[in-house]
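Asker: Position chain B relative to chain A; hints supplied.
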Amino acid sequence: NAGVTQTPKFQVLKTGQSMTLQCAQDMNHNSMYWYRQDPGMGLRLIYYSASEGTTDKGEVPNGYNVSRLNKREFSLRLESAAPSQTSVYFCASRKDRASNQPQHFGDGTRLSIL
Amino acid sequence: AQSVTQLGSHVSVSEGALVLLRCNYSSSVPPYLFWYVQYPNQGLQLLLKYTSAATLVKGINGFEAEFKKSETSFHLTKPSAHMSDAAEYFCAVSDPAYGGSQGNLIFGKGTKLSVKP
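Protein chains in written order, with our numbering: chain A, 17 to 130; chain B, 15 to 131.
Okay, chain B solo, but in the shape it has when bound:
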């Protein structure tokens, strides 16, 4: 069964510093991968997705993620953090081999990002 692990439930960075949020998946085949952001009292908003095209994926708000098959990772980065980036971030995976229930998204437990002035 698919699973996704987000290392670090809380990450704190200073404004202007690099943001690195980690996501590792377990899958026998390269899956489809997604990053979502959730601002307080809101739903989840898609940041970016990897669907087997370019391994470096650019998303909204200056975020990007790199798919590394050898490391089974899809870490999210942003060169310079802004105060407005403070939110919770979720990595999600789905198996491309199937439709139906096997194509459903499996979410990590989330990483809360704090940005210090």
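For reference, chain A alone in the conformation it holds in the complex:
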């Protein structure tokens, strides 16, 4: 049971470099999410996709872009990485946008920007 798969697991970038974090789910879920986790801050929503073909900004979208490639895949792109974007990034999926549904999380991507 793969669930939500994130790649890569670890990455080190230099300031100004770009990269794309990949996320795929095999649960036929409609909604997908990107969060960042920083010490003492909990999880903060970056972008979400309520359904295939739609994306919306979350709490902290600046410096990021997303693509909902298809129902399974939702990628997060850093166009010009900054040290403030050093964080652990989590992708999550949910059956649909109904608020009583739990979210299912991947194991995260640990990203360091030097």
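Heads up, a few of these hints could be off.
[What the hints assert, rightly or not] Label-pair ranges, simulated between beta-carbon atoms:
1. B:Tyr53 x A:Gln38: 14 to 24 Å
2. B:Thr19 x A:Arg93: 27 to 37 Å
3. A:Glu95 x B:Gln59: 23 to 33 Å
4. B:Ser66 x A:Pro77: 29 to 39 Å
5. A:Gly19 x B:Ser128: 26 to 36 Å
6. A:Gly79 x B:Pro131: 16 to 26 Å
7. B:Asn55 x A:Gln38: 11 to 21 Å
8. B:Lys130 x A:Asp54: 46 to 56 Å
9. A:Glu95 x B:Glu29: 30 to 40 Å
10. B:Ser26 x A:Leu85: 38 to 48 Å
In short, the hints are calculated from the structure, not lab data.
Quick reminder that beta carbons are idealized off the backbone N, C-alpha and C, glycines included.
Answerer: The following block gives chain B in isolation, referenced to the frame of chain A:
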């Protein structure tokens, strides 16, 4: 706007002791509530959820939580702590009145649980 507060960023208990992790929410209507656990270097795993059925909710690994509307609380408990319970625990809330962005989860800042032998 919805918010959730977890009292205590760190909680330490002895093995076999009661675990009590506190969560309070702010909402004009009873929300949906979730507890997640995160083990080191892993993602978040759902422990239990409250979605307006029974107010006492049982979850995995012997945890349970009670929804108290009058206190706007959803505290997590376990009668007897095990070493394997050491992890970070997150409370999350969503508003049942809406779908879309208003139905997104809002997370507390987390409580790290340490279990002493």
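Asker: Does each hint fit the structure? Answer for all of them.
Answerer: Structure-based check of each hint:
1. B:Tyr53 x A:Gln38: 14 to 24 Å: This hint holds: roughly 23 Å between Cβ atoms.
2. B:Thr19 x A:Arg93: 27 to 37 Å: holds (33 Å)
3. A:Glu95 x B:Gln59: 23 to 33 Å: holds (32 Å)
4. B:Ser66 x A:Pro77: 29 to 39 Å: holds (31 Å)
5. A:Gly19 x B:Ser128: 26 to 36 Å: holds (28 Å)
6. A:Gly79 x B:Pro131: 16 to 26 Å: violated (44 Å)
7. B:Asn55 x A:Gln38: 11 to 21 Å: At roughly 19 Å between Cβ atoms, A:Gln38 and B:Asn55 fall inside 11 to 21 Å, so the hint holds.
8. B:Lys130 x A:Asp54: 46 to 56 Å: The hint (46 to 56 Å, Cβ to Cβ) is violated, given that B:Lys130 and A:Asp54 are roughly 27 Å apart.
9. A:Glu95 x B:Glu29: 30 to 40 Å: violated (48 Å)
10. B:Ser26 x A:Leu85: 38 to 48 Å: holds (44 Å)
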